[in-house]
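Protein chains in written order, with this note's numbering: chain A, 9 to 77; chain B, 249 to 490.
Hints in this document: simulated from the structure, not taken from any laboratory.
Cβ atoms here follow ideal geometry from the backbone N, Cα and C, with glycine treated the same way.
Certain hints may be false.
Not the full set, but computed from the structure, chain A residues with beta-carbon under 10 Å of chain B [said to hold, decoys possible]: (1) Y30; (2) I37; (3) Y40.
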Amino acid sequence: MILAAAPALPLHKAGPYVAAAYIVFLALILIYVTIMAIRLSRAERELTELARERARRDAQPRDRELERV
Amino acid sequence: MHVYGRGLRGLSLATSATLTAALILVFFYAPLDADQGFVQKIFYVHVPLAVVSLCGFVLGGIFAVQHLRTGDRRNDMRSYVVIHMSLIFAVGALITGSIWARASWGHWWEWNEPTLVSFLIVFLLYATYQPLRFSIEDPERQARYASVFAIVAGAFVPLNFIAVRLAQQYVHPRVLTLGGGNLPGPMRLTFIVSLFGIGLLYATLCKYELTAKHARRQLRALRRNVLGDDAVRPLQRSAAPS
Numbered sequence: 009m010i011l012a013a014a015p016a017l018p019l020h021k022a023g024p025y026v027a028a029a030y031i032v033f034l035a036l037i038l039i040y041v042t043i044m045a046i047r048l049s050r051a052e053r054e055l056t057e058l059a060r061e062r063a064r065r066d067a068q069p070r071d072r073e074l075e076r077v
Numbered sequence: 249m250h251v252y253g254r255g256l257r258g259l260s261l262a263t264s265a266t267l268t269a270a271l272i273l274v275f276f277y278a279p280l281d282a283d284q285g286f287v288q289k290i291f292y293v294h295v296p297l298a299v300v301s302l303c304g305f306v307l308g309g310i311f312a313v314q315h316l317r318t319g320d321r322r323n324d325m326r327s328y329v330v331i332h333m334s335l336i337f338a339v340g341a342l343i344t345g346s347i348w349a350r351a352s353w354g355h356w357w358e359w360n361e362p363t364l365v366s367f368l369i370v371f372l373l374y375a376t377y378q379p380l381r382f383s384i385e386d387p388e389r390q391a392r393y394a395s396v397f398a399i400v401a402g403a404f405v406p407l408n409f410i411a412v413r414l415a416q417q418y419v420h421p422r423v424l425t426l427g428g429g430n431l432p433g434p435m436r437l438t439f440i441v442s443l444f445g446i447g448l449l450y451a452t453l454c455k456y457e458l459t460a461k462h463a464r465r466q467l468r469a470l471r472r473n474v475l476g477d478d479a480v481r482p483l484q485r486s487a488a489p490s
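Bound-form chain A, shown alone (with noise of 0.2 Å):
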């Protein structure tokens, strides 16, 4: 709606100068955010390994256990 409202912006010479330099601003910023994305996952991935790995270790002496009886 703002969009539709607003007046026509002069976009002939100057608009693809103005429109680079805040796709640069833009890309910066997704660029950073793609590469902390790409970290977290890997941080969640380590951290269901431990998880796991922690169940594992739970349910081994349990399974001891029920062996003796």
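Could you slot chain B onto chain A? The hints should help.
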């Protein structure tokens, strides 16, 4: 345990709201510049990026002073993160400035212009920060030398700024002055909101990075705890504080 992550959500929301408001003001409120026309809209992203990155470099020096005074490694981490983020913002300022220069002067770069060259010098100076850290293997020495570098370079930033201000010959416009500058009201408001928005973005990304680094360290400690020392890969040589 929340150490760095506290308030991150609120900060992120404030950043999103301020940047959205800034973009609306830039394109639908601020009037067109009588001299440059639509190209002047680059000003609202280029100048805040440059200002915030320079302030970040100085902040890195302040954290480095605290690190050397207290010996607290967290201040070295803060110094590293703010300098790292300032470098990214400085890249943004250089690229957007170059695009603006091309649009209004017809050249991508102007070597006779003290403002541009001095900013490039500051950027190149800080570009050596990470290689310096990487070249020192011992973490204690690395942190100490990096702090000394951050203090000296941080002191150079305002000196450099003053020297450029005193220069007589320049093409680059002087918009911000001690007397309040020569921006008309709507343009000034838009600029202040943009500056605030980019400042908030900088603070959010720094906090995000610090939180991520802290979480990784915690995860490493947990891995050692659960799986034993053998399961944890030895720390590789890195520019980042361990």
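Hint check results:
The interface hint given for Y30(A) is met, as the beta carbon of that residue sits about 6 Å from the closest beta carbon of chain B, less than 10 Å. Annotation: I37(A) was flagged as interfacial toward chain B, and the flag holds, the nearest CB pair being 7 Å apart, inside 10 Å. With a least beta-carbon distance of about 7 Å to chain B, the hint placing Y40(A) at the interface is held under the 10 Å criterion.
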